[in-house]
Structure formats: structure tokens, C-alpha cells
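**Student:** Residue numbers (the UniProt record's numbering), protein chains in the order written: chain E, 1 to 186; chain A, 1 to 770.
Source of the hints: derived by calculation from the structure; they are not laboratory data.
There are no misleading hints in this set.
Derived pair list, reagent style SDA-like, types lysine to any residue, alpha-carbon separation capped at 20 angstroms: (1) A:LYS397 / A:SER413; (2) A:LYS397 / E:GLU33; (3) A:LYS397 / E:ILE30; (4) E:LYS158 / A:THR337; (5) A:LYS476 / A:LEU429; (6) E:LYS158 / A:PHE350; (7) A:LYS397 / E:GLU35; (8) A:LYS244 / A:ARG728; (9) E:LYS158 / A:GLU352; (10) E:LYS158 / E:ASP123; (11) E:LYS158 / A:LEU341; (12) A:LYS267 / A:GLU310; (13) E:LYS158 / A:GLU347; (14) A:LYS268 / A:PHE377; (15) E:LYS158 / A:ARG345; (16) A:LYS684 / A:PRO639; (17) A:LYS397 / E:ILE29; (18) E:LYS158 / E:ASP130; (19) A:LYS397 / E:PRO28.
As the structure is a computational prediction, the values presented were derived from the model and not from experiment.
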Amino acid sequence: MKNLRLIPFLFAFSILLFTFGCEDDDDPIIENEEEVITTATLTLFPNGPQEMVTLGFSDPDGEGGNAPTFTTTGQLMANASYRGQMAFGNEEGSIVSEIVTEGAEHQVFYVSDGGASLSFSYDDADAFGDPIGLVTMLTTGDAGTGTLTVTLRHEPTKGAMGAAINNPAAAGGSIDAEITFDIELQ
Amino acid sequence: MLKSVVPYRLMLCIALLLGGGADAGAQQVGRQGQAGCQLTLSGYLLSEHDEEALGYGTIYAEGAGLGIQADSAGYFEFTGLCAGSEVLRFSHLGCDGKSLAIDLQRDTQLTVYLHHHDNYTETVTISAAANATYSREQDQQATGQLSDALERITGVSSLRSGTSAAKPVHDGLFGNRLSLQNNGIAQSGQQWGNDHSPEIDPWVAAYVRVVEGVEALRYAGPTVAATVLIEPAPLRANGEAEGKVGYGFQSNGLGHVLNARIGDSGKKTAYRLSATGKLRGDQQSPDYYLRNTGRREANAALQFARFHNERWTSRLYYSLFNAEIGVLRGSQVGNLTDLELAIGREEPFFTEEEFSYDVASPRQTVTHHLLKAETEFRPNEENRFTLRYGGQLNDRKEFDVRRGSPDDRAALSLLQWTHLLEGSWHRELGSGRHLDANVQYDFAFNDNQPGTGVLPLIPDYNANRASGYLAYHYEKDRFQYHAGLRYDRQFYEAITITRSLPRVVERFEHVFQTFGGSLEGRWRTNDRLSITGGLTLRERAPQINELYSNGLHQGVSGIEEGDRTLQAERSLKMTMGLQLNGAGFSLKATGFAQPISDYIFLEPQPEFRLTVRGAFPLFLYRAGDAFLYGGSFQSWWQPRPDWEVDGRLAIVRGRNRTEGRPLVYVPSDNLRLGVNYYPAEHWKLRAEALFVSRQSRLDPEQDFLVPPPAYSLLDLSLEREIPLPSNRSLHLRAAAQNLFNTQYRDYLDRQRYFADASGRNVELRISYEW
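All chains should be built: construct the whole structure from the sequences, respecting the hints.
**Tutor:** Here is the structure:
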């Protein structure tokens, strides 16, 4: 009859489980979403007499909640050249240095569409000499309106067949950020 | 008559009682000996589970070259047999033909207990779709996943994510609408996710079946009709030490599977210990490796029974499931643009030339504990009382490819405790009539584990549920009917975090009261034909994901938002069935129609949700009306004792009447045809063909990609059993799945957007049993 002792043991074990389970009624810990990108800013420094232009995106509450907001300062001019500086951040601050540190795993792409002709080229490199795309050179075309889509890709195949600054599709990887700005070239 | 127990152990026949069998000192008498050929061999075929008669089984006496069929009561009789050794082969629909050697000296009566649940479900409830695979076949599935075994049941398909996850679909319903009972306890865990498979080791499961109607009302869990039951073989007193060790190799993924099972039973106690280890690398489609689709598993289960006395039995069951599961690397995509890019590719992104055992992100790790303790008391012949406790702990972590985080930081980490207390009562009311009743109370705590850096998709919640069930069974020879009622009271407390800033914790409470009722009948017009019919009303309370999902569901690349005003679903299922049995054949046809009101579904929204990662499709949980109908056809034919042919056809249609569109994830029509050939004693050859048609009943805007074309697959297996002295045996099996290395994609497989399904797999398996 030794095994009979198992029964009370089992019930004791169950009660233990119950107690263990019941204790947990605290509020959940609100996650610190340090990886989520909530801001993106493209700053364009003119190489000529034009004014500085910034294209901004902000979505502080992340993927749900309120819709993101866009802000533009300055006027982008036609047939001019600029040096572009792309910045990503979140409520904790900038994550540019993180992207540079993991440069080989990241690449930023710039695709213009519609009537705004924007020609970007890379002006930075990772440890293997491949572009990261945070720093770029921009030459604008004739006046018009259109869009610019800036894409930050994680683990793309850099130098994949067909991949170019304006063709992120061929590079693969997953998207960390993809923001479409409205562009007006004067 | 002298009664002696002849120890004979094949899985099919657990016990054999020989009346007036071999005397120890009996002299061997030849076939044409003085006893002549005047002997009678008779007996009963009974179900091992509940000693119900197994009707219409066939028995073939090899020595005499005689084949007969048992009657509806399972009774069989051979007359004019010669004295001497005789080999009997018993077969029954859904069973392997199995042989049994006896030394026949005088008129003999046998009682043969078979592991057979087809008949059990047929007699205890009349659920038309109830069906079962059975333990021997189940053992062969031990190299695969549980879903592989479930798919063998007519009307069951699998909703898959490649090879990483699969969950059963029965009559067009799955996930939250088809609950799973693991050894009588509703399987808990994150069953809402289509990319989460049930955490059950097929090696432990001896029986896998689907029950509906009155029988399904008995069990907890959200369901609107059917319930999947997964049960280990029961422990019995006065058995012998037994065991089985098996090793299997799979060519696709270079997989190794090791299974072991040992058990012993005495007068007072019995136990069985099972363990499984699995290691598999990348799967291979006909043209390329499916990178990061490896899998590791380590499972164990312990069954223990104590037979205190004739009236009192206690049982303990503990199982542990542990898995690390790789998810196809090319299937983790970001936004809609990414998804479209991934879909259009010849071969998935990140495909590598080389095979690898590595499992990297995206991946899932799951640990599932289940403890069940029950004690059964039978004060007299009429009454049986059972008290049961079931506790489960489910720890699921999912790892995505992430930026700026170490690989071992989960993006989803959920811990769930569930506890169930149940009291049940079985009362015999005289011949063929009995009552079944139970009361249950369970509660669950679901907590997101901190540290993921991601706001959870499913909030923390606490839930409890109280229920009562009562059923009446009337089972007379020609006519049977069953009636059942069930009531559930479900309480939820959801603890959510707001999506707007500042983030605030909010608590919401819900109470749902749901009813279920079922009435089923079976009329056996004669020994050959029976007609069944059933009507089942069930309500299902909305589940927490339907009420409170909020955020990006990486598994489906969409943003999902719950609706906390949803009400319980109401379903009415009508079933009809016809079964025809004859000498060496059996036909079964069933049909069903099921309207569901307040049917909860994910409605794709016309506009996309803009995020920093671009646009994502937005899905909202909505309630509407749905209608499902379909039918299945099952046949079995034994033209000769050494040939068997079986076929299963399943057809399901579903319509969302609110949207005026077909339902998604309804399996396309499928047909399985199998042939068994027994070339010699202990040899078995089986060929099975699967035909799956294209799912053409979908609007183009309902999916990112049109459903894949029809396909057909051929599986082949050859088995040999080598009997060894003192009841030991060696079992060898070689099998090939997808023999022709067919390139295909299945509509119910989410991986079909990105890659072909896996190609040919050759499996070699050796097992030793004692």
C-alpha cells in the first residue's frame, strides 16, 4: 500500500500549482520597445546656394494607435545637388550608431517615383567596403512632384544581381523601415 | 473447462483467453491425428477498451484455408478443424491483419481483445465522422508529427506552416473551433496561432480519433462540433513486462528518431514509460534545401496505475514535450512589399546550397508539461465515479530575425498555466441504457514574459470556466439513441496595454454563458446496413485572441485587431450517415450541414495600416454568418485474405454569408487510396496514393496568391515482422513518402507562398519489441 501515499502527494502538488498560479495577478510590465523605429529624418545639405531641406517621419506610439505624421522643412530645388544624411531613432534616441556598427547587415535604399526625378548615389561603406546608405549624394532633375521611398533593409544580400540604390527588391532581406515622402521639386 | 492464459503479445491482441487450450503435457498431435477433423473453434472479438463486441471482423484459419466473418456480436465459429497447430488471422476494418498461432487439441473457445476504436466510437456514440487510427499504425507515425497521424482520419486535413507547424482541420473547422483532448484533458497552450502546432508526441498516443455530437459534449475546450481525442494505451492489471525500442532514419532532412517504451504490470500496479528523441536538419524540396527547417525534440511520458482493489483504481499521467523548431528563413518577411517580393521568387530568399542541422531565427521553442491524476471508484456494478485533476504548463518562445538584439531574445514569450478539476459519474440503468455526467472547473493564467522588447499581440489574461454535462445513452440491438446537454460559464479578465501614448494598463472582464445539446440515433435495419443521424447545437465563447489581439502578427504578416464586443458563436450541425457491411467489405458515407451564426472571422480591410515599416494589411475580427457543408466516403474491401483495398474521399464547402464569399482555409477535395498486400506471413506491402484537387472556390482578393494547382503523391511501404523466441519480435520497415519527388504546394500550407513542399523522403525503421 506504499503507493497510496502518492495520492495525497498529488493533491498537495496540485494545490502547490494552484497557489503558484494564483499569485500572479500583478500588472504586466510594459515593454521597453527600444528596437522599434519611431522617427526617420532625411536631411539634405545643399552643395550650392539652396536652403537645407529635412523630410521627417514620426510615429511615437508605434505600429498601433495613432497614425504617423510627416513634416517637411525647406524647399527642394530642381537641378541641384545635395548631400543626404539619413537618421533613424526612437523614443530612446538615435540608432544611427547601431546601424553603423552593424553596417554589413544593413542597407538603405532610395526609390523615387512620379514626376520628381531624384538620383541618389551611396557615399559611405561598411567594413567590407559595401554601401550602408546613411550618407548619400543626391542630384535632382527637372521640376515636378512625386514620391521618395526610403527603405532600411536588414540582412540584404549586398551586391546581389540587380540590386542598386534604387532597386531594394533584388537585395532581399527584411524591412526595418520603409517610409514614403511626398516630394515637390521647384 | 480448464482456463489458462496464453501469453501472446502483438499490439493488436493484448490478451487472449484460451478455454480448454494447450495442456502443458499434451502430446503433439498431427493434423490428421486420432482427434480427426472434428474440432470446433469459436470465440468473441471484443474491444479492449470497453469490452464492446467487434462485429463483422474476419477470421482466417491459414492451416485449414478457411475464412469466416464474425457476426454483429463479434461471435465467430469454425467447425471441422483438424487438431494440431493452427494460425489464425484476425482482421477488422481499420486494423492490420494479424496472425495468432495456437495449438488446437480440443474444442476451443477464445476471447480476443483488439485495440480497436472504430467500433467503440460507433457503439458508444454514433458520431458519423468518428474514426480512429490505431496503435500499431500509430507507432509507425512516431517519426513524424501528430498531424501526420491525424491526416489518416477521413475528413481531417492539416493547416501547416511548412514542416514547422501543423494543426488539424476537420470538416472545415480548425484552431479555436476544434479542440484537442490530450488523454482526456483539453490541450492548452497558444492554440489560436495557425503557426502553432499542438504540443503532443505521437509516440505516446495509441489512439487518435475525432468524435462529434454527444461524445464531444463531454469535453472542455472551445469547439463548435468535433473534438480530437488523443489517448495513450490504457494500463491493465496482471500483464507482463513489455517494451519496445525503435530507431528511424529519414533521408529528407537526415533525421534520426529514437523511441523507447517500457512497461510492467502486476496485480496492484502498472506503469509505462515512453521517451522520444528527434533530430532533423533542413528539409529538402525537389529543387532546393528549405533553409532553417530543422527540428529537435525530446519528449517523455509516464503512465502509472494503481489497482487498490476491485472497485478502486487510481491513475497518474505525466508528459513533457520539448521542441525547438526552425521556421523557413525565407518566410519571415516584413511588410506587404516584402511579401510580394518573396512570393514572386523562384526559390526563397536565403536559400543555401548546403544542408545544415542548424536551427537559427526565426524559430520557436516550446515546453509543455501535462500532469493528470485521476481516481476511479466503482461502489457497485451500476455506478462509476471519477475525480480528475489536469494541470498544464505551456512555455512558448518565438524568435524572429531582429535588428540590434541578440539571437536568443524572444519576440514572443508566453507562459500559460491551466488547471482542471473534474468529477464524473457513469450510471448503468439496465441493459443497454446508461447515464454519463460530469462537472468541471478550470482556470488559466496566461502571461507574457517581460524582456521581449515588443508589445504583446495577445494580452495577459486570467480565465476560469465552470461547466456541467449530462448524457443519456440507449443502446439496444437494432436501435440506439443518445442525447446530451452541456452548459459552460466562461469568465475572462484581460489585462491589456494601450497602444496610444502614454502606455496604460487596462483591465476588462467578460462572462459568456454557452449551451450545447445533441441528439443522435442509429438504426440497424439488418446485419448489413445501418443508418445514423444527428443534430448538435453548440455555442462557443469568443477566445482571447478574437477579443483582444492587437498588433503585428508576424506569422501572417498582418496587423490583427480584436473586437471586445463579440458574442458567442452558435452552430447547428446536422449529420447523416449510412454504413454497409458485408463479407470482406465495408462502405460508409456521411454528409453534414452546419450553419454558424455570429461566426467570428478575420476581415481584411480595404485600406492598409501605415507604419514605419511601410504598409501592412489590416485584419479586424468580425462576426457574421457562415455555412459549412460536405461529405465523406470511406470504403474497405478485402477481395482475398492477402489483399485489402481502402479509399477515403472528403469534400467540404464553406461560405461566409455576411461577406458573400467562400470561407478561407477550407480544404480542397481530397482522396486517399490504399492497397495492402500480404505476400507472405509477417510481410506487408502498402501503397497509398493521395489526390488533392485545386481549391478553386476562393475570390482572388481573398489571398495574396492564387491557390496552388492540384497534385498527387504516392507513398510506399514494406514491412517485415520477425518473430523471435519468447514472444519477442523484430519489426523492419522501409517506406518512401512522395516517392516520385513531386514538386507541389498545398493550399493549407502557409509556406506555399515562399517555397515548394518537401520532396521525397525515404524512411528506414527498425524496432524491437518484447
